Amino acid sequence: MDIPSEDPTSLPTPRRVRLLNREDRLYHVILAQQFDRDIIDHLCRIAEMTRIIGDTRAGARFLNSILSHKRAMLYFIQPSTRTFLSFAAACQILGMPYNDVRDPSTSSEVKGETEDDTVRVLSQYFDIIIMRHPSEGFAETMANKLNGIRRCIPLLNGGSGKDQHPTQALLDIYTLYRCFAPSSVERIRQDPERNLFAGKTIAFVGDLKRGRTVRSLAYLLARYPGVRLLFVAPDELQIGDDILEHLTRNEIEHELKSDLPKTIGECNAVYMTRLQDEHDKDGESRSIDLSRFSLTPELQDQLRPDLAILHPLPRRAELDTCYDSDPRAKYWDQMRNGMWVRAALIAHVFNVDGQILDHYYSHFNY
Amino acid sequence: MDIPSEDPTSLPTPRRVRLLNREDRLYHVILAQQFDRDIIDHLCRIAEMTRIIGDTRAGARFLNSILSHKRAMLYFIQPSTRTFLSFAAACQILGMPYNDVRDPSTSSEVKGETEDDTVRVLSQYFDIIIMRHPSEGFAETMANKLNGIRRCIPLLNGGSGKDQHPTQALLDIYTLYRCFAPSSVERIRQDPERNLFAGKTIAFVGDLKRGRTVRSLAYLLARYPGVRLLFVAPDELQIGDDILEHLTRNEIEHELKSDLPKTIGECNAVYMTRLQDEHDKDGESRSIDLSRFSLTPELQDQLRPDLAILHPLPRRAELDTCYDSDPRAKYWDQMRNGMWVRAALIAHVFNVDGQILDHYYSHFNY
Amino acid sequence: MDIPSEDPTSLPTPRRVRLLNREDRLYHVILAQQFDRDIIDHLCRIAEMTRIIGDTRAGARFLNSILSHKRAMLYFIQPSTRTFLSFAAACQILGMPYNDVRDPSTSSEVKGETEDDTVRVLSQYFDIIIMRHPSEGFAETMANKLNGIRRCIPLLNGGSGKDQHPTQALLDIYTLYRCFAPSSVERIRQDPERNLFAGKTIAFVGDLKRGRTVRSLAYLLARYPGVRLLFVAPDELQIGDDILEHLTRNEIEHELKSDLPKTIGECNAVYMTRLQDEHDKDGESRSIDLSRFSLTPELQDQLRPDLAILHPLPRRAELDTCYDSDPRAKYWDQMRNGMWVRAALIAHVFNVDGQILDHYYSHFNY
Chain A
1 MDIPSEDPTS
11 LPTPRRVRLL
21 NREDRLYHVI
31 LAQQFDRDII
41 DHLCRIAEMT
51 RIIGDTRAGA
61 RFLNSILSHK
71 RAMLYFIQPS
81 TRTFLSFAAA
91 CQILGMPYND
101 VRDPSTSSEV
111 KGETEDDTVR
121 VLSQYFDIII
131 MRHPSEGFAE
141 TMANKLNGIR
151 RCIPLLNGGS
161 GKDQHPTQAL
171 LDIYTLYRCF
181 APSSVERIRQ
191 DPERNLFAGK
201 TIAFVGDLKR
211 GRTVRSLAYL
221 LARYPGVRLL
231 FVAPDELQIG
241 DDILEHLTRN
251 EIEHELKSDL
261 PKTIGECNAV
271 YMTRLQDEHD
281 KDGESRSIDL
291 SRFSLTPELQ
301 DQLRPDLAIL
311 HPLPRRAELD
321 TCYDSDPRAK
331 YWDQMRNGMW
341 VRAALIAHVF
351 NVDGQILDHY
361 YSHFNY
Chain B
367 MDIPSEDPTS
377 LPTPRRVRLL
387 NREDRLYHVI
397 LAQQFDRDII
407 DHLCRIAEMT
417 RIIGDTRAGA
427 RFLNSILSHK
437 RAMLYFIQPS
447 TRTFLSFAAA
457 CQILGMPYND
467 VRDPSTSSEV
477 KGETEDDTVR
487 VLSQYFDIII
497 MRHPSEGFAE
507 TMANKLNGIR
517 RCIPLLNGGS
527 GKDQHPTQAL
537 LDIYTLYRCF
547 APSSVERIRQ
557 DPERNLFAGK
567 TIAFVGDLKR
577 GRTVRSLAYL
587 LARYPGVRLL
597 FVAPDELQIG
607 DDILEHLTRN
617 EIEHELKSDL
627 PKTIGECNAV
637 YMTRLQDEHD
647 KDGESRSIDL
657 SRFSLTPELQ
667 DQLRPDLAIL
677 HPLPRRAELD
687 TCYDSDPRAK
697 YWDQMRNGMW
707 VRAALIAHVF
717 NVDGQILDHY
727 YSHFNY
Chain C
733 MDIPSEDPTS
743 LPTPRRVRLL
753 NREDRLYHVI
763 LAQQFDRDII
773 DHLCRIAEMT
783 RIIGDTRAGA
793 RFLNSILSHK
803 RAMLYFIQPS
813 TRTFLSFAAA
823 CQILGMPYND
833 VRDPSTSSEV
843 KGETEDDTVR
853 VLSQYFDIII
863 MRHPSEGFAE
873 TMANKLNGIR
883 RCIPLLNGGS
893 GKDQHPTQAL
903 LDIYTLYRCF
913 APSSVERIRQ
923 DPERNLFAGK
933 TIAFVGDLKR
943 GRTVRSLAYL
953 LARYPGVRLL
963 FVAPDELQIG
973 DDILEHLTRN
983 EIEHELKSDL
993 PKTIGECNAV
1003 YMTRLQDEHD
1013 KDGESRSIDL
1023 SRFSLTPELQ
1033 DQLRPDLAIL
1043 HPLPRRAELD
1053 TCYDSDPRAK
1063 YWDQMRNGMW
1073 VRAALIAHVF
1083 NVDGQILDHY
1093 YSHFNY
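Chains as they are written, first to last, in the numbering used here: chain A, 1 to 366; chain B, 367 to 732; chain C, 733 to 1098.
Just so you know, the hints here were simulated from the structure itself, not pulled from any lab data. The structure presented is a predicted model; accordingly, all values stated were derived computationally and were not measured. Heads up, some of the hints might be wrong.
Here are some of the chain B residues that sit facing chain A, going by a computed Cβ distance under 10 angstroms [stated by the list, open to error]:
no., residue
1, R437
2, D469
3, T480
4, Y726
Across the chosen pairs, the derived CB separations fall in these ranges [claimed, not checked]:
no., chain 1, residue 1, chain 2, residue 2, range
5, C, K1013, A, R61, 38 to 46 angstroms
6, C, C884, B, R652, 34 to 42 angstroms
7, B, D724, A, R61, 12 to 20 angstroms
Quick reminder that beta carbons are idealized off the backbone N, C-alpha and C, glycines included.
Same shape as in the complex, but just chain A (with noise of 0.2 angstroms):
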């Protein structure tokens, strides 16, 4: 069996497109490997204000005005009801007016134009491109082509090709994050030495060879000393090497399992996939037995009480639906929170992170 590695995350910083805008705030966002500490903490916080006053009335028509000025294209050319709802609500939370591009044949590409015309097109008509694309790295081509023009605009990696899905690994840390600081309070709390990682073991679960969400999510891991990070898979379908060298030149603790049921007592979190056997050449994937990889209604109560559970969905067996209505189960949350952590990133694209901020200081610090 030769199941073939992908490596998102090794890619080597600074890249040679640049991603930042003059004041080294984010621009383009395309890799996983933009997101320092910082910047992470910064967006989760901007994403826990954001989620809180857009539950109230008032709050949500103060966000809807804030970027009513701007116009946004999701440039979504490969399938996805998920990514693509949930950056067109990010877009709608804050007032945003979006179109979309969802397939291409009905597109004037038909007539012969280079997706290079088509993205320049595009950023004479809108202030930013979401986008979504079957091929690797064509986000951040385009990106470099876009800031070689007069007309330069913000694109956001929507997911590209097999290697990238930056806002994935943002709303997976983010949903972490909600479920490790004990209060609102303190994940809105503004302090660099916080670290709510640290003591916490993470166990990724299922298909780590080829699901790019676990790489780059384990990437962002790192940056969080003290986190302990298990891989529970069967052989053929472990984690790459490139990963595992990463954690060590860095120093997380981490570790390779082979059964979930002994491992799921010591975690605080479990993030599970499902079998990515789209990828298959040859059904190689089929004979694999995944009991061993899956919450099946059995472990259910042999699971910490604080346990959460993640998946980035949709799910097949490997997530048995009893848990869906377990407190613990986090996936649901995960959806949403990827509106809101998107949503603050579009705030933090084009400036205006700074009025959520200061509304939520003037409105809900009390």
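Use these hints to put chains B and C onto chain A, whose structure you have.
Okay, now just chains B and C, sitting in the frame of chain A:
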């Protein structure tokens, strides 16, 4: 010839699924049977006020501030221009941003997600789901599902299989309501004793066996004592016995007829329908002679001057285009009424119909 | 070789279809011939003001309050990214919610509805229809249909068959207008005597026989005495005699040319077009040598420093990408100008262009 019957309106109430909120306000809207006379009258009043308010620039702006803090999902898996656009326009009237899923093949259901999970994911991003689906009972099943989760949001059925299309019944009865009330003032006056349908004769014409709109509307009209219903159809397409029994049980005068020209003279309203031959098993309805069940040019002079002509559209030969500019044609208004009554229903579900009432009485009641 | 000609601009005016409202303001916009010099100058002024106002945050918010009480239908049965997105952005700039129908196969036309009925249904839900359709004359027929009904709403032609695309002509002339006026102040100054095109030489290059944009633009430019037009094309693709006769009749200086390199030196603007080989019957245009009708890298040094390069895009080899970052390239601005001029046109049709004028003079005129 064996044309199978459906029975949309014979479902028992109260249902197993809880459809109301804690204040017994409509929450999930799944079945035409949910609308009793009080709620029909209330929604028609709100629809009328919405229409009048929306006709002025200041009023339109008031309306589109009402729900600007909510977001809707239009999950229309079954093709539909009219219902989709009407709901979309209703959302826009109330200022509620929406998103849609119309083609499941471009969604991540290709990754093997169940519809259960999809609906629950949608509930994370949106505040209401408006759904059209080819499977009978699907909307009800999903409402039940939503009732069981923490972030429960209301679900409106925009057509579920062959059986239920409650908002169509609502727009039909609102159209008749507008036709039979002499003025807007009369329509808006709150009067639990008023019965606009008493003494009126309403004919249903065409494929009454398989058209769900007629069946649902007949059910709603059965709530108004004194109305008289005529069912004008070829034997093979006549209305189901269940409806007739329901009318008898409710002491509603009704008659079966087999010739529109001989019947039309005594009608206050005529509800035309097209042949539903997409439900044919083997083209069995092709041989039916529909000439005696059509509004032909020849009939135009025999109609009462105050007749109201309704048709749910799309139409075919059963409704000649010569009627299109006849003042008795109400089928264009009927479309537009759908928009107003759906806006009223959405406002009701979100408990902001009171704002529409208040605005009307403070601005238009002179 | 037999390349069929089209004749978009030879249609007689006044038309049978009434296109103006009672105050002789543009209502339905169907044909480039509707734009006389007064209305072109007016729309270019409004577009310029809209552009300047929209560039500020407060201005953008003013603009997106103007039409928030209206709703638009973008009925785009023929694929088009650029025109669709440009109109969509124009609606968003003016704050007008819109909806779209892009694929009639997902609409209820499958139930056998005529396009007549579909357009009339749309007129019930929306306040304006912006339409693109593959059939020649379709927009005009529908405008006529709308004129005959009670709820008549304006219709804008976003491209109808091979013949008419009036807003493309408008954005092209606005782009030239911006190139030839020395400053924004000059563009906005109201001066019926001003003729920005007098003394200017403009070359049209490429497939002039079948490109509707060139034909329409030539027609508009014929309203400006003193302009000089050069048509640079292979014999088989040269501009139609009807256009030449129209120019002669209007005493507009013009010449046919067959070599761009020898012509480019005397031009103030060059309008490049691609080969419209989708209209080929049998690949007849494949054998044409286009090298003498292309802006190649070699020509870059021979161009006048103030030359304006236009292209309606998408482009192919006739316009080398080396020009993309040349300051003389105006084809990217041209896209964006389309958005502003369409916003101006929509504002005009709804009679709110006066609000844009007022806002400009009270906020920007110093």
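Taking the hints in turn, this is what the structure says about them:
1. R437: This interface hint holds because 6 angstroms falls under the 10 angstroms limit.
2. D469: Since chain A brings a Cβ to about 9 angstroms from D469/B, closer than 10 angstroms, the hint holds.
3. T480: holds (8 angstroms)
4. Y726: violated (21 angstroms)
5. K1013/C <-> R61/A: 38 to 46 angstroms: Violated: the Cβ-Cβ distance is about 58 angstroms, outside 38 to 46 angstroms.
6. C884/C <-> R652/B: 34 to 42 angstroms: Taking Cβ atoms as reference, C884/C and R652/B lie about 38 angstroms apart, which means the hint holds.
7. D724/B <-> R61/A: 12 to 20 angstroms: holds (19 angstroms)
Figure legend: structure checked against the earlier numbered hints; hints not met, in rising order: 4 and 5.
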